[in-house]
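Novice: Sequence:
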Amino acid sequence: MSGTQEQQDGPGLDEIVALCKRRGFIFPSSEIYGGVGSTYDFGHYGVLLKNNVKDEWWRAMLRDRDDIVAIDSAIIQNPRVWEASGHLSGFSDPLVQCLGKCKRRWREDHLREAIAAEGGDPAGEIHCPQCGGELSEPRQFNLMFETHVGPVAESGTEVYLRPETAQGIFINFKNVLQFARVKPPFGIAQIGKSFRNEITPGNFIFRTREFEQMEMEFFCPPDEAGRWHEHWMEERMRWYTELGIRPGNLTLREHGPDELSHYSSATSDIEYRFPMGYSELEGIANRGDFDLTQHAKFSGEKLEYFDQQSGERYVPHVIEPAAGVDRALLAFIVDAYDVEEVEGRSRTVLRLHPRLAPVKVAVMPLVNRDGMPERAREVYRSLRERIGAEYDQGGSIGKRYRRQDEIGTPWGVTIDGETAADGTVTLRDRDSLTQERVPIDGLADLLLDRLAADWRGPKPG
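For what it's worth, this note's numbering labels the leading residue of the sequence shown as -10, then goes sequentially.
Note that these hints are calculated values from the structure, not bench results.
Please note: incorrect hints may appear among the correct ones.
[As the list claims (entries may be wrong)] DSS-like cross-link-like pairs, simulated, lysine-lysine; straight-line CA separation at most 27 Å:
(1) K10 to K172
(2) K90 to K43
(3) K43 to K172
(4) K291 to K163
(5) K43 to K10
(6) K291 to K172
(7) K182 to K10
(8) K388 to K39
(9) K163 to K39
(10) K10 to K388
(11) K39 to K182
(12) K163 to K182
(13) K43 to K182
No experiment lies behind these values; they were computed from the predicted model shown.
Turn these sequences into a full structure, and let the hints guide you.
Specialist: As structure tokens, this is what we get:
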């Protein structure tokens, strides 16, 4: 499946973009200067949500397992790394340029995929989708950003911003073996920025030139690679559904022989039903021993494992689950987005899993008098030490509820006239809209228990 296929019966991308800007999740970068194509800045709630996505990935990789270690490799690496990996010679896309009015550049393969999706002949003649003009002959366009090290740009100083985080793991395989006290099967995990000079970025943060990746390379004996590939496909599908993605919006698609990368013997994509159709959310690839073999060849270093018990020496095979932080964040927002009618009024709500929600609980005085703001501040300070809390005082209580619903805050705590008398507050649930009186004493423990509990939310499957 591809992004040109069936669209989701849910929010359009314009609605998601509007919500993200309205509530300070994401907005165009350099906006006061007219922006830069497909670059975005993350506001306060976007940063919190993004960090929660990454924390949940680290939880799945490190805290819930004992066979994976972490690494943080450099963005700028020796150019030979990209020669060995094949990126210098093969990391390119077919570029065509409009020879008519608009002069825009397009990826030829994307244009042909769009024609095929509409029932046309993908091998036939293609024209500029913007102005209908004639297109140039395709030429290969390398996707890596080139820069220079040192104060002067001259021959021999060329380096590249990494197009993926994976190679930083492979070139450190030997270091990890020596210092982390691990042996196959084991994984090395990393989250970091990558850069690709995409010809046609777009669809909001789905495809951008600067993005964050969550990649893990799992090194295993060659004869176990198939089993571990199956294991990681199941694990990664489970991660998304446990964090609230509806299973009906996910599919696992195996790559055909003509789609496989040069290093892969088997790859499957987890695809999500985005507003623009099913598109890749994460890839799980069996990379074989390609990367370690290539880096051993180009560096002259042995990148293999010696099993002292069996006396066997081998180059491990690698299973790679590779996901984009930004794409995962977008999928979580799209899947959580809901509009419903409550008491004759429309309510927009993000039904985010509580562990992902930027704010866990909002503390609100009912009115700004009678000592309620001061008491609310006390409750807020007691909660923020243990759970992600926010103090919200501006506007009517109804408007504040609506604002927190759009942020995705699962619980609201209201301090009202009864609070001073009996030490209780009103606890409002985002999804069910139920309200209950609970004592301030033990409130943090109550919320932490609910946060830790298994959650599925009321979203239809």
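Novice: Work down the list of hints and note, for each, if the structure agrees.
Specialist: Status of each hint after checking the structure:
1. Our distance criterion of 27 Å between C-alpha atoms is broken by K10 and K172, whose separation comes to about 46 Å.
2. With a CA separation close to 44 Å, the supplied pair K90 and K43 exceeds the 27 Å bound.
3. Proximity of K43 to K172 is assessed by CA-CA distance (about 26 Å); at most 27 Å being required, the pair is judged to hold.
4. For a cut-off of 27 Å, the pair hint linking K291 to K163 stands: about 8 Å separates their Cα positions.
5. Taking the CA atoms of K43 and K10, the gap is near 21 Å; set against the 27 Å cutoff, the hint holds.
6. Note on K291 and K172: the hinted pairing holds, with a Cα-Cα distance of about 16 Å set against a maximum of 27 Å.
7. In summary, the hint linking K182 to K10 is supported, as the alpha carbons are separated by about 23 Å, within the 27 Å threshold.
8. Annotation: proposed proximity of K388 to K39 holds, straight-line Cα distance about 25 Å (limit 27 Å).
9. Taking the CA atoms of K163 and K39, the gap is near 31 Å; set against the 27 Å cutoff, the hint is violated.
10. Between K10 and K388 the CA atoms are separated by roughly 18 Å; this keeps the pair inside 27 Å, and the hint holds.
11. In summary, the hint linking K39 to K182 is supported, as the alpha carbons are separated by about 13 Å, within the 27 Å threshold.
12. In summary, the hint linking K163 to K182 is supported, as the alpha carbons are separated by about 23 Å, within the 27 Å threshold.
13. At roughly 13 Å between alpha-carbon atoms, K43 and K182 fall within 27 Å of each other, so this suggested pair holds.
In the structure shown, a violation is registered for the earlier hints numbered 1, 2 and 9, in ascending order.
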